[in-house]
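Chemist: Each chain, letter by letter, is given below.
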Amino acid sequence: MAIRRGRKAPPLEPVAGNGLLDRRALLGRGIVFAGATTAGVGSVLTGAAAEPLKNDPWSLEMGSVVPPYQVPSRFEKDVVRSRSNPNNEFRNSHARTPHHLLQGTVTPNGLFFTISHSGLPDIDPAQHKLVIHGLVKQPLVYPVESLSRYPMVTRMHFVECAGNSAPMFSNEPVQATAQALHGLVSNAEWTGVPLSTLLEETGVDPKAKWLFGEGADSLSLHRSVPVKKALDDAMIALYQNGERIMPGNGYPMRLLLPGYQGNMNIKHVRRIKLIDQPAMSFYEAKTYSQILPDGKMWLFHFTMEVKSFITQPSFGHSLNGPGYYEISGIAYSGNGRISKVMVSADGGKSWAQAALQTPVLPKAFTRFRMPWRWDGQPVVLQSRAWDESGAVQPLRAEFVAARGQTDKPVTNPLGFPNQHYNSITSWGIDSSGGIKHVYA
Amino acid sequence: MCMRNSLFVLSLTFAFGAGTAVAEMPGLGKPISEADIAVWNIEALPDGTGLPPGSGTAAQGAVVYSQKCAMCHGENGVKPAAGYVPLVAPPKFDRIDAPKTVTYYKYATTLFDVIRRSMPYQMPKTLTGDELYALSAYILSLNKIIGENDVMDAKTLPQVKMPNRDNFIIWAPDKI
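In order, the protein sequences belong to chains A and B. Heads up, the first sequence is in this note's numbering, so the first residue is 1 and it goes up one at a time. Heads up, the second sequence is in this note's numbering, so the first residue is 1 and it goes up one at a time.
Hints listed in this document are in silico derivations from the structure and should not be mistaken for laboratory results. Source: prediction; values computed, not measured. Glycine residues also receive a C-beta, built at the ideal position from the N, C-alpha and C atoms. Errors might be hidden in some of the hints.
Chain A regions said to be covered by chain B (calculated; three or more residues, Cβ under 8 Å) [claimed, not checked]:
id : region
1  : 95 to 105
2  : 132 to 142
3  : 171 to 184
4  : 344 to 354
Here are some, though not all, of the chain B residues that point toward chain A, as calculated from beta-carbon distances under 8 Å [as the list claims (entries may be wrong)]:
id : residue
5  : 26
6  : 37
7  : 63
8  : 78
9  : 99
10 : 176
Only pairs whose alpha carbons sit at most 16 Å apart, straight line, appear in this in silico EDC-like list of lysine to aspartate or glutamate [said to hold, decoys possible]:
id : chain 1 : residue 1 : chain 2 : residue 2
11 : A       : 129       : B       : 166
12 : B       : 30        : A       : 145
13 : B       : 30        : A       : 200
14 : A       : 408       : B       : 97
15 : B       : 175       : A       : 200
16 : A       : 286       : B       : 97
17 : B       : 92        : A       : 294
18 : A       : 408       : B       : 94
19 : A       : 296       : B       : 94
20 : A       : 296       : B       : 174
21 : A       : 296       : B       : 34
22 : A       : 436       : A       : 294
23 : A       : 209       : B       : 174
24 : A       : 137       : B       : 34
25 : B       : 175       : A       : 232
26 : A       : 228       : B       : 166
Using the sequences and the hints given, assemble the complete structure.
Modeler: Written out as structure tokens, the structure is:
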């Protein structure tokens, strides 16, 4: 108490509707509820007295053997990716990140999202090679091992499928978790060799305006990339969160194109060819070309635009009575750093600025947090992000006006009714603490 | 951060520095001739660059299709297996969630290229040049994009006028 008085901390009055509190409450001095006892909130928080403590069995015997490669506790068995093709039928496979069960900004490698179009290739790194050719002065081949001698860089970046969040093109809100709606984006620390370093060795013919990366998978999946991007911040990534890239994320190397649609970040990359025209590959000519409401179609919609969504609380959770909660979520932009996240608890009528977890890095997840005192009445929680380029996450009404929505409700949350969706997500909480996905 | 920044600067020096800096690079890439890349060098570009020798017609393609494609994509490109979009459909993209199929492509080379590199799904990269042109002719003919007797080869395929070709806009030309 003496410390609080010494700092002369202001009382925590709400800064926006339905109990949003000043984000400065999170800056290391704990939560002090102004008038909490008179409002009766304090008694709800303390509840019944705790039971007497005892020693549990694990405190009375030696534990199990320490494994060479550790995995999470068996009590965390439900914190896993949701899969679209568990029997490996002859089609693509999605595995989505459980954002509603995670915190922080780094996606653990075992939970990093995967889309594979023809299963996971079992690549022997001793045999894998990267060739760079086409409009270059000298075609060169790089075995995996040789790349480890090049100057490397380590950077934090998200990778997002261009169809992530696409179920939200539905004209009615799909009832699904943040995992099902937004689970095709993840964030990792990548280490590898700048592509510009290798292109300096091969030399680039000035006629080359594009290159494509091509994978060693059975489909030889390839995507065209402007040379401008390749010379900017592209990387041949070898490590993911400190260990070799996971098979589902491109082992033994992938083309990393920070901020660009995930499909372009060619996994298992074995060939880069410099060309004078876009290749118009299957995935750029069709799959990741977006149909617009006016009947036109976008080509080369590369940048993943600014987006945020609340992960705690969200669909799949329930609130256990009125009182204090932390609202928290993820924001990111393919344009650069997140500059601001606003949160609303009244469906967008009033907004308050969320605290951003530092460091705020470009083209990477930024965790935002907002202290909140729920009074037990129905609320609608939303987040909205801004990035350093000045781009703003669009409200749903303006987004739908520009990009359209379906005529009929989407029934399969795992399907892509269209492509890139970056409008806001709204979670409606009823007076019993139940959470639904709503449009507001 | 200091360490990371200095490494970053170092890599930039290598990438964009003077000729002396180039000489400092590891230089571990092994020279290879385009001839030795041939097995991997399979893309077909919109202007026809990269198309292999060979030719085929819809009638020849129908035979190959029936043997190697119909089990997934359906006889005559309709009624495919569950989860597949029909190969035959009108170029009607009047809803944002309209199914996209062959008629969506801006260039016919996209069709040839995806068959060449990815199909048949269970044994990709096994079709001959003649089979690839014949299958392309068959699927384009089923969609009434070319005539039943038109011959597809490295010259004719890039000249096919796809029905949806004028409906595309580039999202951000300044990024290219």
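Chemist: Could you run down the list of hints and mark each one as holding or not?
Modeler: Taking the hints in turn, this is what the structure says about them:
For the region 95 to 105 of chain A, the assignment as covered by chain B is violated, since 0 residues bring a beta-carbon within under 8 Å of that chain's beta-carbons and 3 are needed. Evaluation of the coverage hint for the region 132 to 142 of chain A: fulfilled, as 7 residues show C-beta separations to chain B shorter than 8 Å, against a requirement of three. As drawn, the region 171 to 184 of chain A meets chain B at 0 residues by the rule of a beta-carbon pair under 8 Å; below three, the given contact is violated. Using a Cβ-Cβ cut-off of 8 Å, 0 residues of the region 344 to 354 of chain A lie near chain B, which falls short of the minimum of three, so the contact claim is violated.
For the restraint placing residue 26(B) at the interface with chain A, the shortest Cβ-Cβ distance is roughly 5 Å, inside the 8 Å limit, so the hint holds. Because the smallest distance between the Cβ of residue 37(B) and any Cβ of chain A comes to about 6 Å, under 8 Å, the interface hint for this residue holds. With a cut of 8 Å, the hint placing residue 63(B) at the interface with chain A is violated, because the nearest CB-to-CB distance is about 22 Å. Taking 8 Å as the C-beta cut-off, the interface hint given for residue 78(B) is violated, the closest approach to chain A being about 19 Å.
For residue 99(B), the interface hint is violated, since its Cβ never comes within 8 Å of a Cβ in chain A; the closest pair sits about 10 Å apart. Checking residue 176(B) against chain A: minimum C-beta separation of about 5 Å stays under 8 Å; hint holds. As the CA atoms of residue 129(A) and residue 166(B) are separated by approximately 39 Å, the hinted pair breaks the 16 Å bound. Only pairs whose Cα atoms come within 16 Å are accepted, and residue 30(B) paired with residue 145(A) is accepted, the gap being roughly 13 Å.
Taking the CA atoms of residue 30(B) and residue 200(A), the gap is near 14 Å; set against the 16 Å cutoff, the hint holds. The hinted pair formed by residue 408(A) and residue 97(B) meets the criterion: a straight-line CA distance of about 10 Å does not exceed 16 Å. Simply put, residue 175(B) and residue 200(A) have alpha-carbon atoms about 21 Å apart, too far for the 16 Å limit, and the pair is violated. Restraint check: the Cα-Cα separation between residue 286(A) and residue 97(B) comes to about 13 Å, which is no more than 16 Å; the hinted pair holds.
Distance hint between residue 92(B) and residue 294(A) is fulfilled; the C-alpha atoms sit about 13 Å from each other, no more than 16 Å. Only pairs whose Cα atoms come within 16 Å are accepted, and residue 408(A) paired with residue 94(B) is accepted, the gap being roughly 14 Å. About 9 Å separates the Cα atoms of residue 296(A) and residue 94(B), which keeps this hinted pair within 16 Å; it holds. Restraint check for residue 296(A) and residue 174(B): the C-alpha separation of about 19 Å exceeds 16 Å, so the hint is violated.
With a C-alpha separation of about 39 Å, the suggested pair residue 296(A) and residue 34(B) falls outside the 16 Å cut-off, and the hint is violated. Restraint check for residue 436(A) and residue 294(A): the C-alpha separation of about 32 Å exceeds 16 Å, so the hint is violated. Distance hint between residue 209(A) and residue 174(B) is fulfilled; the C-alpha atoms sit about 13 Å from each other, no more than 16 Å. Among the hinted pairs, residue 137(A) with residue 34(B) is consistent with the structure: their alpha-carbon atoms are about 12 Å apart, no more than 16 Å.
Restraint check: the Cα-Cα separation between residue 175(B) and residue 232(A) comes to about 11 Å, which is no more than 16 Å; the hinted pair holds. Simply put, residue 228(A) and residue 166(B) have alpha-carbon atoms about 26 Å apart, too far for the 16 Å limit, and the pair is violated.
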